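Peer 1: Chain residues, written in single-letter form:
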Amino acid sequence: MSHTGALEIKNVSKAFGGVQAVQDMCLVVRPGEIVSLIGPNGAGKTTLLNLISGFYKPDSGEILFGGKRIDGLGPDKVTAAGIARTFQSLRLFHELSVLDNVMVAQHHRLGVGWLAAALGLRRYRTRTQELTNVALDSLAFFGRRLMGYRLGQPVHVLSYANRRRVEMARAMSTGARLLLLDEPSAGMNPNETDEIARLILRMRDEHGFAILVVEHKMKLVEMVSDRVVAMDFGRKLAEGSFYEVTNDPVVIESYLGRPASSEGDGPAGAGQGNDGDDEPAADTEGEKA
Amino acid sequence: MRGRTLINVTVLVALFVAAGLAVLGPGLFVQNFLSALSMGSQYALIATGYSMVYGIVRLINFAHGDVFMLGAYLAHYLILFLNMPWWAAMLVSMAATGLIGAGIERVAYRPLRQAPRASLLITAIAVSLFLENAANVVFGARNQAFSARSGLTASRSFEVFGEPVYYQSLLFVVPLITLVALVGLYVFIERSKAGAAIRATAQDVEMARMLGIPVDRMIALVFFVGSALAAAGGVMYSLQYVQIHPLMGILPGIKAFTAAVIGGIGSIPGAVLGGLLLGLAETFVVAFFPGLTSFQQVFAVIVLLVILLVRPTGIVGEDLTEKV
Amino acid sequence: MRNRLLWFISIALIGAALLYLERVAGGWLLARLLSLTAIWAVAAVALNLTNGTAGLPNLGQHGFMLVGAYVTALLTSPKTTAFLMAPWAQSLNLNWLSQSAVVQMTVAVLAGGLVAALFGLAVGIPSLRLRGDYLAMVTLGFGEAIRYVSATDQGTLLTNGGLGIRGVPAVFGGPFAAYVWLVVTLWFLTRFTQSSYGRALKSIREDELAAQAMGINIAYHKVLAFGISAAFAGIAGGLYASWLGTIDPNTFQIFLMTYLLVAVSVGGAGSNTGAVLGTALVVLVRQYLQPLEQSQAPGPLIGWAALATAAALFLVVAAKWRFHKAKTANRTFWRIGVIGGLLAVAGVVLVSGAAPWPWFEEPRSFVGLRNLLLGVCLLLVMIYRPLGALGRSEFGWGLIFDRKDKELSDTERSRDAWLTGEGAAKKGGPEDVSHGGA
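As you go down the protein sequences, you meet chains Y, E and V in turn.
Residue numbers are given in my numbering: position 22 of the first sequence equals residue 21, and the series is strictly consecutive.
Positions in the second sequence are counted from 1; adding 287 to them yields my numbering.
Positions in the third sequence are counted from 1; adding 3 to them yields my numbering.
Honestly, the hints are just simulated from the structure, not real lab data.
Here the structure is a predicted model, which is why all the values come from computation and not from measurement.
Misleading hints may appear alongside valid ones.
Unchecked claim - Stretch by stretch, here's where chain V covers chain Y in the computed footprint (C-beta under 8 angstroms, at least three residues): (1) 88 to 97; (2) 116 to 124; (3) 249 to 255.
To be verified - Coverage of chain Y stretches by chain V, computed from C-beta distances (three or more under 8 angstroms per stretch; other residues unrestricted): (4) 20 to 26; (5) 102 to 110.
To be verified - DEER-style ranges, computed between Cβ atoms: (6) Gln-490/E / Asn-10/Y: 33 to 41 angstroms; (7) Val-186/V / His-93/Y: 29 to 37 angstroms; (8) Val-470/E / Gly-340/V: 42 to 50 angstroms; (9) Arg-393/E / Leu-345/V: 32 to 40 angstroms; (10) Leu-383/V / Val-18/Y: 42 to 50 angstroms; (11) Thr-312/V / Pro-153/Y: 34 to 42 angstroms; (12) Leu-383/V / Phe-576/E: 46 to 54 angstroms; (13) Ala-305/E / Lys-67/Y: 32 to 40 angstroms.
The beta-carbon is built from N, C-alpha and C at its ideal position, and this holds for glycine as well.
With the hints as extra help, turn the sequences into a complete structure.
Peer 2: See below:
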């Protein structure tokens, strides 16, 4: 039985030096699904994202997308295959404008050679127009805050939240079918987090993306997930609906240790608004983290 | 793992010696070996300077080859005007060049500590340009003959297995001086308080600063020592090749950089090893294949390219990859 | 549309002026300087592609120029003095193609560019695994190595070694011809840089890993950058051969590379306009400061230099004082003041000839002073304005003719605030505490 267009991670392991970062991990994300990946810091979530997106090669196991193996391909080929990602610490092209940042994501789909591009042949101009429209659509997804005069501004003048949005618009424009979002709401206050959650749902509903989200904020996880996967020490601890996973004693123990407490961060603390698990945010420029 | 490497190395050395004796005969082999040792020592001295500076500020000091040139010129004028014996001139020149090196760091590199790497690179090139042309202006752009008069360059010979070996005493003196200098360096780096401070700064600048280590002064000290060693190399190079001119440091600079890379940039023992290996390779490639003589000068560049492609961390060096 | 028209008119006007200059006064110093500027500018603008746009430190541009120059020379020179050259090399020419000197030269220059491009690809491939400083060293090594190789016994068979190749036709040595090539180069490279490929290169410069994550094939683009840059450097080399008439390996010493580097770095890293202006600066300094290098007594020279430096320092202090808020002199001001004062005194003493030591009076040569000044200039630029005079901006007609839109209007600012929630109506502000963040 093949899952067409699905991401399949089969028994993937990766070690660095003596540390087993990911161990025998199995995961499936089907088209149109939103799956959240949770776990304490150091659980191996970002490593897993790096494995999927091609920055690392698994020591063993396979990663398939749409039935084709993508493990061991470089990041650029993985993107061409249809998987795009955002980064935990933003990695925008600082001196390029908002529009340019998003247009870069489309370059691999240009289909026109460098000579034709430099000479400005018609097929280049037509294609560029098409791709620019796609870029504008992606940016318009976030309302008018990235449009208009903002398009030409270099991204380093943008506020932190806007930069996060640009990074998501960028990932959305690559022509991908699966998005890997690495802590998309890091450094955001509760209102912004809510907005991100709604945006993620819209991404799936309006554009049909499948999405794998790594997150610490349980409220967001609860809002968006079709399924939740919990990790620790590189292994999968539990998988299921939000309530199943967050009430699983093994998962709770991975966050809090024994005995399970009803206060503070982590799954049992959901709904009490404590965001202590956030990584220190990049410059927040006047916005409260 | 270590044992295996040792066996491999011994086998290689044995093969090399055997081939040398067979192709060249004992006389030529020893002669070339001495020459290679001397050359390699000079490279080792300059390469050590590169590695030390890289270790502490992660900068490849493009101007290092020109510091080598300055050392030679300073000694030249000391001998010329003050009639010093060459070894005294060398010592004074080492100190003076060391000060100049530290001065360069203070003026040109320190303001750019926080700057992107590209700017630092171009700054180093600017310093190199400045030094070369300052030498042009102050010393004159023409070739001069190094003014040292020593008995060291007289041609002598001894016999090995019935074959004559022609040498200059210089060929023994150079490795000897290098050895002394490097031993001194080792003692300084490993056993002294300042050396420990330098090692700490090389590992983690912020932490060192927080522990109260005067980081700026340590960096200046490293530049001082590295430049002094380069000056020593310059003096010995001039004793051997006699002709000095303001651009004499460019090619030795590239070669010494190659040596540092071979050994693993940032590692002092690596630099020494790399220098010796490069000296050996340069000499013996031409000895084995006389048709390639005119390529001897660019040999180092080819080696550099190969090393950077095949094993950029060098024999002993650090990890250069970037974390995602 | 207006912009296009303006460009067309201005390019045509300059072209006409230069054509006139070439026809009327081809040997004039001015004509020679203008064409040299244009020729070096081709290489500088090409250098911008790798160093500025792609962020790949390329220090071997002089090597690519050498390749292009020699290919061009081999194809167009009658090689009457090519005693060391192999016979098959001596007999190379383009007479079979056309009898027109211009056509031959054009083909030769383009051929030079093509061969240089191949070398560029060759150098580009190892560049993939090398980080900044190492790449710089390797390209520098290439530049020096190719020069040495062309002088080796084997190389001399092709290049005539130290004797050089003479008699390269001066077809493209004039200002108009060189200008045409520069315009073509600028046109092509500007379009390339503004295209999606240029953007891809910039993204590689900004963050290579992120660029990969966006689907960009790093290897392809880096090698492409090297190839194109080397191609134009080769063309510049061919033009240079035409300008000089005679080339030998020493024509392409490392100083040529430093001139290009100064031009690009001082003019603006990543700005083509800056590269051209920077080249002009270098050519001017090299030409008009030449008298400085003549044999003269060092005393007055040093004296004037001291006075000039003192004047510059006082200017800087005055400017800072004017804009300094505190209006109290701090230690830096005092230090600069003291140094400036000492320099001024020393300068006066030396210029008036009052210094007692004879060394100040004996004439001596000052060869290398121009390059020294260029080095100092580069150093100062790197310390105080690392991106160069123009930074990354280019000249555009909009700078002169469009309204200055840099400040956001009040309407825009308030609209911005409402949209992003900044300012008074801020969401996620103090009011939200009452929600308890639930």
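Peer 1: Each hint should be assessed against the structure and marked as holding or not.
Peer 2: Here is what the structure says about each hint:
no., hint, result
1, 88 to 97, "holds (count 6)"
2, 116 to 124, "holds (count 5)"
3, 249 to 255, "violated (count 0)"
4, 20 to 26, "violated (count 0)"
5, 102 to 110, "holds (count 8)"
6, Gln-490/E / Asn-10/Y: 33 to 41 angstroms, "holds (39 angstroms)"
7, Val-186/V / His-93/Y: 29 to 37 angstroms, "holds (32 angstroms)"
8, Val-470/E / Gly-340/V: 42 to 50 angstroms, "holds (48 angstroms)"
9, Arg-393/E / Leu-345/V: 32 to 40 angstroms, "violated (19 angstroms)"
10, Leu-383/V / Val-18/Y: 42 to 50 angstroms, "holds (48 angstroms)"
11, Thr-312/V / Pro-153/Y: 34 to 42 angstroms, "holds (37 angstroms)"
12, Leu-383/V / Phe-576/E: 46 to 54 angstroms, "holds (48 angstroms)"
13, Ala-305/E / Lys-67/Y: 32 to 40 angstroms, "violated (54 angstroms)"
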